[in-house]
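Enquirer: Sequence:
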Amino acid sequence: MRLKPPRLSIPVPTDYVLWRDVCSYGYFLLEPNFWDPAAKAFRRVLTLVDPASKPRAVTVTITQTKKAEPLTATVDSKVTNAQATEIRAQVTRMLRLDEDAAHIRAFHKLDARWKKLGRGRLLRSPTFYEDVIKTVTSCNVTWPSTIAMNRRLCEHFGEAGASGLRGFPTAHQIARQRPATLRARCGVGYRDARIVELSAMFAKGKLGGVPVEAFEDPATPDDQIREWLIELPGIGPYAAANILQLLGRYGHLPLDTETVRHGRTVLGMKGPSPGIMKRVNAHFAPFGAHAFRAYWFEMWEFYESKRGRSWTWEREKTASTFTAAKLKL
DNA sequence: GGTAGACCTGGACGC
DNA sequence: GCGTCCAGGTCTACC
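Taking the numbering used here, the leading residue of the first sequence gets 203, the next gets one more, and so forth.
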């Protein structure tokens with residue numbers, strides 16, 4: 203079997219800027235993701251799944267010299283042609299390189315505030331499964347707890363690469379665990395059974411009886427996906443809306459306590475929380491299919507006004523300071 | 001259809 | 001160092 207050299211060149215859309223577009227969503231601060239602000243490099247372990255053999259973990263470091271230039275993905279060990287193809291596919295999903303540049307332009311036409319900096323793409327995970335589990339670990343907890351859960355999931359159940367770093371566990375790995383084991387090792391609390399159940403569904407290829415592919419199929423209507431998601435364990439209105447945006451469907455807002463804080467702090471709204479949620483939702487409704495991005499980048503700019511530009515944040519120092527109490531300061 | 005309370009964990013706070 | 005309180009979305013029971 204011929205082995206590929208461990209440097210892959212990955213073409214990008216003409217608007218793509220690595221440092222801006224990786225540091226665009228909180229997941230860049232969650233393990234196994236790691237952004238190196240000094241080197242402007244993104245590193246993480248990718249787990250390559252070959253049905254015929256054991257999962258294999260490789261550490262990939264991604265850099266870019268300038269806007270629109272192809273990315274260089276440096277892999278820490280030799281890979282086969284098939285594995286190189288899988289790395290490209292995972293990186294493409296994670297960085298949303300397959301999202302049409304025309305869609306970004308349409309967003310900027312509707313909300314011109316983000317045109318100059320070029321904000322439009324949001325980081326997500328290399329797999330739909332990781333996006334769903336990360337969303338569940340963000341429900342009913344403060345951000346530092348979400349950080350801890352993801353770190354422990356990787357530490358205890360992630361596949362280790364040659365570098366010793368670990369990736370995000372696969373659905374099969376978590377589906378094999380007892381809920382109590384997950385709770386004890388990862389501190390996921392009552393989410394234990396829900397995470398194992400979701401993992402078992404992913405491992406079988408069907409979520410609530412619906413093939414996983416149908417969720418990622420562009421032909422499936424947004425409302426249909428939302429309906430399916432709401433039926434899944436641990437997924438409520440907030441999580442469903444967040445998963446929808448992770449699937450590239452930006453018409454719904456994940457309304458949570460951050461929405462209320464944003465409504466009060468930035469939009470000057472007053473009154474009880476439920477009313478503010480409804481008003482924030484109505485405030486962004488005119489952005490239609492781009493509502494989430496208009497909402498998110500406005501919120502992201504608020505975070506940057508407190509902590510500096512996101513590509514300067516250091517995971518170990520900055521990430522844990524994103525608590526509601528500290529953001530009110 | 002709407003609402004109250006339980007579910008866990010970790011950080012903040014008071015002593 | 002210990003105990004208590006609180007924040008955070010989903011789920012179930014109940015009206």
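It cannot be assumed that every hint is accurate.
Subject to a maximum C-alpha distance of 30 Å in a straight line, what follows is the list of computed DSSO-like cross-link-like pairs (lysine-lysine) [to be verified]:
| id | residue 1 | residue 2 |
| --- | --- | --- |
| 1 | K280 | K268 |
| 2 | K318 | K519 |
| 3 | K408 | K256 |
| 4 | K480 | K408 |
| 5 | K317 | K242 |
Here are the computed distance ranges between Cβ atoms for each label pair [as the list claims (entries may be wrong)]:
| id | residue 1 | residue 2 | range |
| --- | --- | --- | --- |
| 6 | A402 | I432 | 16 to 22 Å |
| 7 | A395 | G320 | 25 to 31 Å |
| 8 | R378 | T282 | 33 to 39 Å |
| 9 | T422 | A362 | 31 to 37 Å |
Simulated from the structure, these hints should not be mistaken for lab results.
As the structure is a prediction and not an experimental result, all values here were calculated from the model.
Glycine included, every Cβ here is placed at the ideal spot set by N, Cα and C.
Enquirer: It remains to establish, for every hint, whether it holds in the given structure.
Expert: Taking the hints in turn, this is what the structure says about them:
1. K280 x K268: Holds: K280 and K268 sit about 27 Å apart, inside 30 Å.
2. K318 x K519: holds, 29 Å
3. K408 x K256: holds, 22 Å
4. K480 x K408: At roughly 33 Å apart (the allowed maximum being 30 Å), K408 and K480 break the hint.
5. K317 x K242: Between K317 and K242 the Cα gap is close to 22 Å, so the pair holds against 30 Å.
6. A402 x I432: 16 to 22 Å: At 19 Å between Cβs, range holds.
7. A395 x G320: 25 to 31 Å: violated, 42 Å
8. R378 x T282: 33 to 39 Å: Check failed, 26 Å falls outside 33 to 39 Å.
9. T422 x A362: 31 to 37 Å: holds, 36 Å
Checked against the numbered hints listed earlier, the structure breaks hints 4, 7 and 8; every other hint is satisfied.
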